[in-house]
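Student: Please take these sequences and the hints and turn them into a complete structure.
The letter at position 49 of the sequence shown is residue 49 when you use UniProt numbering, and the numbering goes up by one with no holes.
No wet-lab data here; the hints were simulated from the structure. Computed from a prediction, not measured in an experiment: that's the story for all the values here. It cannot be assumed that every hint is accurate.
As the list claims (entries may be wrong) - Distance condition first, Cα-Cα at most 20 Å in a straight line; then the derived EDC-like pairs of lysine to aspartate or glutamate:
#1 LYS225 <-> GLU53
#2 LYS158 <-> GLU53
#3 LYS194 <-> ASP27
#4 LYS225 <-> ASP167
Stated by the list, open to error - Here are the computed distance ranges between Cβ atoms for each label pair:
#5 GLY2 <-> VAL213: 17 to 23 Å
#6 GLN168 <-> ARG80: 36 to 42 Å
#7 ARG172 <-> VAL213: 15 to 21 Å
#8 PRO45 <-> SER166: 15 to 21 Å
#9 PHE171 <-> LEU105: 22 to 28 Å
#10 ILE44 <-> LYS194: 23 to 29 Å
#11 GLY24 <-> PRO45: 31 to 37 Å
#12 VAL214 <-> PRO45: 14 to 20 Å
#13 ARG50 <-> VAL115: 47 to 53 Å
#14 ARG107 <-> ASP196: 46 to 52 Å
#15 PHE197 <-> LEU105: 37 to 43 Å
#16 LEU265 <-> PRO54: 47 to 53 Å
#17 PHE197 <-> ALA55: 37 to 43 Å
Every residue gets a Cβ at the ideal spot worked out from N, C-alpha and C, and that includes glycine.
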Amino acid sequence: MGYLLVVTLIQAFSFSLIGEYLAGHVDSYFAVLVRVLLAGLIFIPLTRWRSVEPAFMRGMLVIGALQFGVTYVCLYLSFRVLTVPEVLLFTILTPLHVTLIEDALNRRFNPWALVAALVAVSGAAVIRFDQITPHFLMGFLLLQLANFTYAAGQVMYKHLVARYPSDQPHFRRFGYFYLGALLVVLPAFLLFGKADFLPQASLQWGVLVFLGVVSTALGMYWWNKGACLVNGGTLAVMNNLHVPVGLLLNLLIWNQHEPLGRLALGGLVILAAVWISRLGVRQAVSSPLS
Numbered sequence: 001m002g003y004l005l006v007v008t009l010i011q012a013f014s015f016s017l018i019g020e021y022l023a024g025h026v027d028s029y030f031a032v033l034v035r036v037l038l039a040g041l042i043f044i045p046l047t048r049w050r051s052v053e054p055a056f057m058r059g060m061l062v063i064g065a066l067q068f069g070v071t072y073v074c075l076y077l078s079f080r081v082l083t084v085p086e087v088l089l090f091t092i093l094t095p096l097h098v099t100l101i102e103d104a105l106n107r108r109f110n111p112w113a114l115v116a117a118l119v120a121v122s123g124a125a126v127i128r129f130d131q132i133t134p135h136f137l138m139g140f141l142l143l144q145l146a147n148f149t150y151a152a153g154q155v156m157y158k159h160l161v162a163r164y165p166s167d168q169p170h171f172r173r174f175g176y177f178y179l180g181a182l183l184v185v186l187p188a189f190l191l192f193g194k195a196d197f198l199p200q201a202s203l204q205w206g207v208l209v210f211l212g213v214v215s216t217a218l219g220m221y222w223w224n225k226g227a228c229l230v231n232g233g234t235l236a237v238m239n240n241l242h243v244p245v246g247l248l249l250n251l252l253i254w255n256q257h258e259p260l261g262r263l264a265l266g267g268l269v270i271l272a273a274v275w276i277s278r279l280g281v282r283q284a285v286s287s288p289l290s
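Tutor: Encoded structure:
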């Protein structure tokens, strides 16, 4: 639990840093690439390359590609059309995606998850009911893809570590994660990045270094390690704890003029979606047919 709490605070602060100092100022693909490279420089030298199952290595490459590569490319792109509070609120839906992935792995259909998804979309509409544009919808969809891949990474990492136990500490087998992320991020930058849209100020470089070393290197490692030490319910709650903390920080420091009424109402609707999803999980567990 301690690992998850520390990372929650880091995540909450990081969202505001991205929205205030990088989004719209620094190329999104470049920002994600720098984060991966800095984290890789820390973990890859510590990584054990021998006596590690090839299947575990492949699994970690896939997890890194999904949980960081795809997730953070989509996240940074969403900041182009969404405010920081909106991004934070829309990430509340990560537990819903965890439920969908677990249901798919267990080959069962959960109608509650579909109902929760519809309620969540209505919550997003409440927040921007007067400015629902194609750009806003695209931002919302990008975040749902980010939520899905982030959730998939967590679920897969937990299963992978349980399937391939090792006497080696987690950090000895975590470097593969950043190599997997690099397989997504580097081609994305080479294909879509804008070389003339790089950091110009020392503050922007400082933010990138913080995000790479603290949020990406330590944060992703601690989060995945912590996810292996708690049950699914606790992990779902922790996935959402960064939202109120991040909103509080952003509204107090940077964004005092946000429409608090609509944010609160829409946020409550989205929280209701998560509650509906969890209700469906509890019913599935208690049902003798499940």
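Student: Within 17 to 23 Å: is that where the Cβ-Cβ distance between GLY2 and VAL213 falls?
Tutor: About 20 Å separates the Cβ atoms of GLY2 and VAL213, which means 17 to 23 Å holds.
Student: Please check whether GLY24 and PRO45 have a Cβ separation lying inside 31 to 37 Å.
Tutor: Since the Cβ atoms of GLY24 and PRO45 sit about 34 Å apart, the hinted range of 31 to 37 Å holds.
Student: Does the beta carbon distance between LEU265 and PRO54 stay inside 47 to 53 Å, or does it fall outside?
Tutor: Holds: the Cβ-Cβ distance is about 51 Å, inside 47 to 53 Å.
Student: Can you let me know if the beta-carbon spacing of PHE197 and LEU105 is within 37 to 43 Å?
Tutor: For PHE197 and LEU105 the Cβ distance comes to about 40 Å; the hint holds.
Student: Has the hinted range 47 to 53 Å been met by the Cβ atoms of ARG50 and VAL115?
Tutor: Since the Cβ atoms of ARG50 and VAL115 sit about 49 Å apart, the hinted range of 47 to 53 Å holds.
Student: Between ARG172 and VAL213, is the Cβ distance one that fits in 15 to 21 Å?
Tutor: Holds - the Cβ-Cβ distance for ARG172 and VAL213, about 19 Å, lies within 15 to 21 Å.
Student: Starting from the hint 15 to 21 Å, judge whether the C-beta atoms of PRO45 and SER166 obey it.
Tutor: 19 Å, holds
Student: Quick check: does the Cβ-Cβ distance between PHE197 and ALA55 fall within 37 to 43 Å?
Tutor: 40 Å, holds
Student: Given the range 14 to 20 Å, decide if the beta-carbon distance of VAL214 to PRO45 lies inside it.
Tutor: Since VAL214 and PRO45 have Cβ atoms about 18 Å apart, the given range 14 to 20 Å holds.
Student: For the pair supplied as a hint, LYS225 and ASP167, is the alpha-carbon distance within the 20 Å limit?
Tutor: Holds, at about 14 Å.
Student: Just tell me: holds or violated, for the beta carbon distance of ARG107 and ASP196 against 46 to 52 Å?
Tutor: The hint (46 to 52 Å, Cβ to Cβ) holds, given that ARG107 and ASP196 are roughly 49 Å apart.
Student: Cβ-Cβ distance between GLN168 and ARG80: within 36 to 42 Å?
Tutor: About 41 Å separates the Cβ atoms of GLN168 and ARG80, which means 36 to 42 Å holds.
This entry satisfies every hint, going by the numbered hints stated previously.
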